Amino acid sequence: MKVNGKQVSGNVEPRTLLVNFIRDGLNLTGTHVGCDTGHCGACTVMVDGKTVKSCMVLAVQAQGAEILTVEGLAEGDKLHPIQEAFWRNHGLQCGFCTPGLLMSGLYLLQKNPDPSDEEIRRGIEGNLCRCTGYVNVVKSVRAAAKSMREGEVGGA
Amino acid sequence: MIPKRFDYYAPASLDDAIRLLGEDEEAKVLAGGQSLLPMMKLRLAAPTALVDITKMAGLSYVRDDGDNLAIGALTTHDAVEHDRTIKERFAAINDAVVRIGDQQVRNRGTIGGSACHADPAADLPTALLASDAQFVIQGKEGQRVVPARDFFVDVFATAVAHDEILTEIRLAYPPPRSASAYVKHSLRESDFAMAMVGAAVTLGDGNACRDVRIGLGSAGPTPLRATSAEQYLMGKVPEDDAIMKAAEMAAEGADPPSDVHGSREYRLEMIKVLTRRSLKLALSRVK
Numbered sequence: 001m002k003v004n005g006k007q008v009s010g011n012v013e014p015r016t017l018l019v020n021f022i023r024d025g026l027n028l029t030g031t032h033v034g035c036d037t038g039h040c041g042a043c044t045v046m047v048d049g050k051t052v053k054s055c056m057v058l059a060v061q062a063q064g065a066e067i068l069t070v071e072g073l074a075e076g077d078k079l080h081p082i083q084e085a086f087w088r089n090h091g092l093q094c095g096f097c098t099p100g101l102l103m104s105g106l107y108l109l110q111k112n113p114d115p116s117d118e119e120i121r122r123g124i125e126g127n128l129c130r131c132t133g134y135v136n137v138v139k140s141v142r143a144a145a146k147s148m149r150e151g152e153v154g155g156a
Numbered sequence: 001m002i003p004k005r006f007d008y009y010a011p012a013s014l015d016d017a018i019r020l021l022g023e024d025e026e027a028k029v030l031a032g033g034q035s036l037l038p039m040m041k042l043r044l045a046a047p048t049a050l051v052d053i054t055k056m057a058g059l060s061y062v063r064d065d066g067d068n069l070a071i072g073a074l075t076t077h078d079a080v081e082h083d084r085t086i087k088e089r090f091a092a093i094n095d096a097v098v099r100i101g102d103q104q105v106r107n108r109g110t111i112g113g114s115a116c117h118a119d120p121a122a123d124l125p126t127a128l129l130a131s132d133a134q135f136v137i138q139g140k141e142g143q144r145v146v147p148a149r150d151f152f153v154d155v156f157a158t159a160v161a162h163d164e165i166l167t168e169i170r171l172a173y174p175p176p177r178s179a180s181a182y183v184k185h186s187l188r189e190s191d192f193a194m195a196m197v198g199a200a201v202t203l204g205d206g207n208a209c210r211d212v213r214i215g216l217g218s219a220g221p222t223p224l225r226a227t228s229a230e231q232y233l234m235g236k237v238p239e240d241d242a243i244m245k246a247a248e249m250a251a252e253g254a255d256p257p258s259d260v261h262g263s264r265e266y267r268l269e270m271i272k273v274l275t276r277r278s279l280k281l282a283l284s285r286v287k
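Residue numbers (the working numbering), protein chains in the order written: chain A, 1 to 156; chain B, 1 to 287.
Since the hints were derived computationally from the structure, they do not count as laboratory data.
Quick caveat, the model's predicted, so the values are computed rather than measured.
Take these hints with a grain of salt, some might be off.
To be verified - Cut-off 25 Å, straight-line C-alpha distance, at most; resulting in silico cross-link-like pairs (DSS-like, lysine-lysine): (1) Lys50(A) - Lys140(B); (2) Lys2(A) - Lys55(B); (3) Lys41(B) - Lys4(B); (4) Lys50(A) - Lys55(B); (5) Lys28(B) - Lys140(B); (6) Lys280(B) - Lys245(B).
Looking at chain B on its own, in the form it has when it is part of the complex:
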């Protein structure tokens, strides 16, 4: 299968890339291409032009910027997987990337591409939401920073406008006694997951929850925060009963689809199971 005809540009700078996008409404950014190219081959997408941003330097990095860990949008999943700081301090992100696709896809696919593709059944969006990531978006007027909650707008739609480019994802270093985890359920490893949950916790005095974030994937058009479950756990010691109750509440707020991979009812049950597992795994990692 061959995609529909398109023009190809490999600009040397971000400014050129943004200009090219501005000139053609049907142009699309090409990063790793591990979702976009298959979609183009299946003719689910037919952009008139691709603006390949991988030929410009400087968007692939993981660096400390003081309060945050800053990850360049073109950092591959493989590079994220092997970054020690991410593994130690943002375990949910590591849990998610190690299970993305396969080695070949991880060698090519990028964190920014996955975020911008915004597939509700993809791994990273949910993990990024649970990690409260910030998204740095560059446009012709300059830069803006959008929190994860506002970044994912709809199925395959994000806050990044047509003539803007996501350049960096920032993860704020969590306070002491914090940890996170991401778990998912799929029948075969390479399938899209039927449900996925990311959890991040911070414990305070007497092991009570000082902060809780729960992100649900494949549970609606965008990854969702299980807000009521989070509020319920705040200030409580997260013992089995409380976790069980929070998991029920998380499923109440979810709206998963029914399809050939699994019914809505089944997915709701899996959201409960995975909410429990992700919270317990995150709690087991708190030092």
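Just chain A, same shape as in the assembly:
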């Protein structure tokens, strides 16, 4: 499979979950395991451009797929606009849910570049923030939407 643009391979037991392969096999520990039962969304990554909860996908199911994890968002020292927006708008408190929220936020903005607050709330409904900092998360996604739209216009 390809992870964050890099070809990777490994042998795993069928029962290895994608999240375990990403964290333990590839040492990409930005993707978190929260509830481990498919509720919290901390393990959200993109598989072939679609957000999934990687604790509910087997690593073997992702064979040959393109995976994007939170580590693949920034380019070197330059944060992705959605990371920048979470940083500037205090879209995180403890930060545990943030990797998942960034992926869900980004997926939403790829589908809908100018979402309403209600659409943002629906887009992140699969991600729980144990600090309950949702107001600033919504604000961050809204800010990211703006900067990503302007970024495109400006060609940045």
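Model the placement of chain B on the given structure of chain A, informed by the hints.
Positioned in the frame of chain A, the structure of chain B alone reads:
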């Protein structure tokens, strides 16, 4: 949490998949895995083998086959949600899928997987029952088509035999002046609903009901048709009094469980409320 050990197969064809299932009685079909994998992690399910049917091509589609809209079993909830024909002509199905799980689950979960999992508290089975869906099942002897009424057999049990695979769900295009709706009640959006109702109506002369189907979920081991309420409404103009009476009748036929999410009495009341709401919403959509 990690599931118990199992063998994994990703057959390239339906025939191979059916053969693999036939060779191992404890094997299970893996589609989107959004119910099966969590159950395996919790060790509520421990199949000896998974036959992953998502690697074979051709079971993900929404297409017109003349009399029906045919939906491939591996069509994701997200794809169903964004299909315009389903939204316009089978609104109950759209109402149900937009409220399934969350975006990540809808990206992965499939209509066929949800139907075959047959959780009495899941959204799609009830909506499919109210939509009078037909289920195309492939086995080694060939194909058979089972109506929704016979498809859901018990809790987590359907008409699909161990060595068969659901390949397609067909929805017959409703006649003019038809519409449907699906509503549910849960305390939090991602919870399993305490009650859910799907309704489909066709109006005839003088706005009298020419056809009515009411499906109840979380109201017994399988989704149920509220047959007496349906019969009561047939030929009547569905005004408030008639809808109220039909809702009472729907609850009389239901057998919801009592559990930590809600008592039986509470759920019966909610079935009445939701039957009214689903009928009214469906009627408001009749053009």
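Results for each hint:
Distance check on the hinted pair: lysine 50(A) and lysine 140(B) sit about 34 Å apart at the alpha-carbon level, beyond 25 Å; violated. The suggested pairing of lysine 2(A) with lysine 55(B) holds, with an alpha-carbon distance near 17 Å, which does not exceed 25 Å. Distance restraint check for lysine 41(B) and lysine 4(B): the Cα-Cα separation of roughly 8 Å lies within the 25 Å cut-off, and the hinted pair is therefore satisfied. The hinted pair formed by lysine 50(A) and lysine 55(B) meets the criterion: a straight-line CA distance of about 17 Å does not exceed 25 Å.
About 16 Å separates the Cα atoms of lysine 28(B) and lysine 140(B), which keeps this hinted pair within 25 Å; it holds. The hinted pair formed by lysine 280(B) and lysine 245(B) meets the criterion: a straight-line CA distance of about 13 Å does not exceed 25 Å.
Checked against the numbered hints listed earlier, the structure breaks hint 1 alone; every other hint is satisfied.
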